[in-house]
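On the provided structure of chain Y, position chain V as indicated by the hints.
The listed protein sequences derive, respectively, from chains Y and V.
The first sequence begins at 1103 in our numbering and counts up by one.
The second sequence begins at 404 in our numbering and counts up by one.
To be clear, the hints were calculated from the coordinates, so they are not data collected in a lab.
Backbone N, C-alpha and C fix where the C-beta goes; we use that ideal spot for every residue, glycine too.
Heads up, some of the hints might be wrong.
Quick list of simulated restraints, FRET-style, between CB atoms [said to hold, decoys possible]:
hint, chain 1, residue 1, chain 2, residue 2, range
1, Y, 1173, V, 754, 27 to 37 Å
2, V, 620, Y, 1155, 49 to 59 Å
3, Y, 1157, V, 478, 40 to 50 Å
4, V, 578, Y, 1117, 32 to 42 Å
5, V, 773, Y, 1122, 26 to 36 Å
6, Y, 1173, V, 499, 54 to 64 Å
7, V, 457, Y, 1129, 53 to 63 Å
8, Y, 1123, V, 791, 28 to 38 Å
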Amino acid sequence: MLKLPSKRWKKVRIKPEGPGRYTLIFLTPLKDEDELREIVEEEIDMCLDQGERVIDMQWDRRSLTLAIADIVSFKRRLLYVNINPEDP
Amino acid sequence: MKKALTSFLEQRDYFSERPMSICPVCLRVIPGVVRESEAGLLMEKTCPDHGVFKTTICTDLQRYKALCAADRKVTRPLARGSPSEHGCPDDCGLCPAHDQHTCLAILEITSRCDLGCPVCLAGSSVQGGDLQPAQVEHALKRLMEYEGGLTPIQISGGEPTLHPQLIEIVRLIRSLGGRGIELNSNGLALSGEPHLAQRLGEAGIASVYLQMDSLDPKVSKFIRGRDLVEAKVRAIENCLQAGLEVILSVTVVPGVNDQEIWDVVRFAMERRLTGVNFQAMTLTGRYPQEVGQGEDHFTSGHFLREIQRQSNGALREGDLTPIPCPDPRCGLISYALIHEGELLPLNRLLERSSLVDCLADLKDWPQTLRHLRPQPCGPCCGTREDRNLELLSDAMLGSDFFSIGFHAMMDPYCLDLDRVKRCCVHELTPEGKLIPFCLYNTKYRHTQP
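Next up, chain Y with everything else stripped away, as it sits in the complex (with noise of 0.2 Å):
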């Protein structure tokens, strides 16, 4: 018996909107809005560079809309805080 490592983490889809504007929705099930927003604050926001922020928060579609510079740089970033980025 051991105990094999976990593999738990939240799945997302992210879309071009516009130059350096991108829609990134959750594909993992959310237990509420309280739960996107911890998300925002402890996850999200580690993984912004400079100049990068989040624009708005749409419970309703389990989305961010996010103003990014270096989108390959900030989806690199989101894997080490369990966020996956669905492949392309």
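Frame of chain Y, contents of chain V only:
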């Protein structure tokens, strides 16, 4: 003369380990000696009353030495359950001689099982009894005293889905702070009752440790007494649909399913399961006499050799690291990505030293990733480690996580008390004692009320 002596020592490949073990018949403590033979590396021991016993403990001396030399990370428990009066292994509970805390507590809530497999380390059958929730609560509260909180818990048996209060027990563990609770199951109920997985998930079960030894119906019949392959596949589907993680647990029986290791890994990868843990069949409980000879053991050395051979190098010996919390001879692990359908072990992207802290206590992926997370720029900018992390990040995008483990379980034939003292997988008894799992199966299981 000096040249002759050097040559003699080289030929003999002198190895001076003298493990303390037990007699497989009367269970008294006796010394052993490690010797090389054509069959592999043997532990040889003599009981004054029951004679000589020889057991394979590794394929060869070189692999054995490499395992012995691997890194260890020790965290001692806050409190112990037993005083030391007679010495290891007679005071177990844990006693002050124990050299590791609990990484996984196994809580057997029933001794009943609906299968009665020909291979069963616990010797479970339809006869037996269940723990009451009050007993579970008492045991868990003792565990919290030893560890300062709940460790990961595996609910086991017997077959725990037979327990009429299973859901209540899962909720109880949750209410005491338990997270990542695992259910060890043969999968029969999970395959036949589609809503059971959902209910277990809602109560707090995070993953199912599903016993599945083979994809071959004949092998299933040999080890489990029935062809269970289709039932296991249905159980997997039901668990995944309910959002439960699935880890396959494979009992490796030498000469029966030891050539199917890679097939099972591929099967699990294709279904995006959490991982596969292989464990050696032990000569405890129930086992067929024709495969249960004391000398034949499937060891870490055998696993390393076989997985590299069967996978054609897709997983190499060096991709598996001795687990640093127990004795390094007791377990191997590879954290990997499934990248474009193929296995990409993390150690090919990162220095092994940067992984060792994650492997201690077998940290979950979220903790592992936070641990590996690139640090803000500083004097280390542009170092090799940063480039490695960049490679890791690129590989992780669109990939999935996976792990492969091997637990070199011990029985009365190969038991080594140094390994017992370092164990981190502990049986949690109803009295609230913690006993190293292999020692529990060998010496204590049938002394429990």
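Note whether the CB distance of residue 1173/Y and residue 499/V lies within 54 to 64 Å or breaks it. 56 Å, holds
Range hint 26 to 36 Å (beta carbons of residue 773/V and residue 1122/Y) holds or violated: Check passed, 28 Å falls within 26 to 36 Å.
Range hint 28 to 38 Å: satisfied by the CB atoms of residue 1123/Y and residue 791/V? 32 Å, holds
Does the Cβ distance between residue 1157/Y and residue 478/V fall inside 40 to 50 Å? 44 Å, holds
Outcome of range test on Cβ distance (residue 1173/Y, residue 754/V; 27 to 37 Å): At 29 Å between Cβs, range holds.
Taking the CB of residue 620/V and the CB of residue 1155/Y, does the distance hold inside 49 to 59 Å? Since residue 620/V and residue 1155/Y have Cβ atoms about 58 Å apart, the given range 49 to 59 Å holds.
Supplied distance hint 53 to 63 Å, evaluated on CB atoms of residue 457/V and residue 1129/Y: 56 Å, holds
Given a hinted range of 32 to 42 Å, is it respected by the beta-carbon distance of residue 578/V and residue 1117/Y? Holds: the Cβ-Cβ distance is about 40 Å, inside 32 to 42 Å.
This entry satisfies every hint, going by the numbered hints stated previously.
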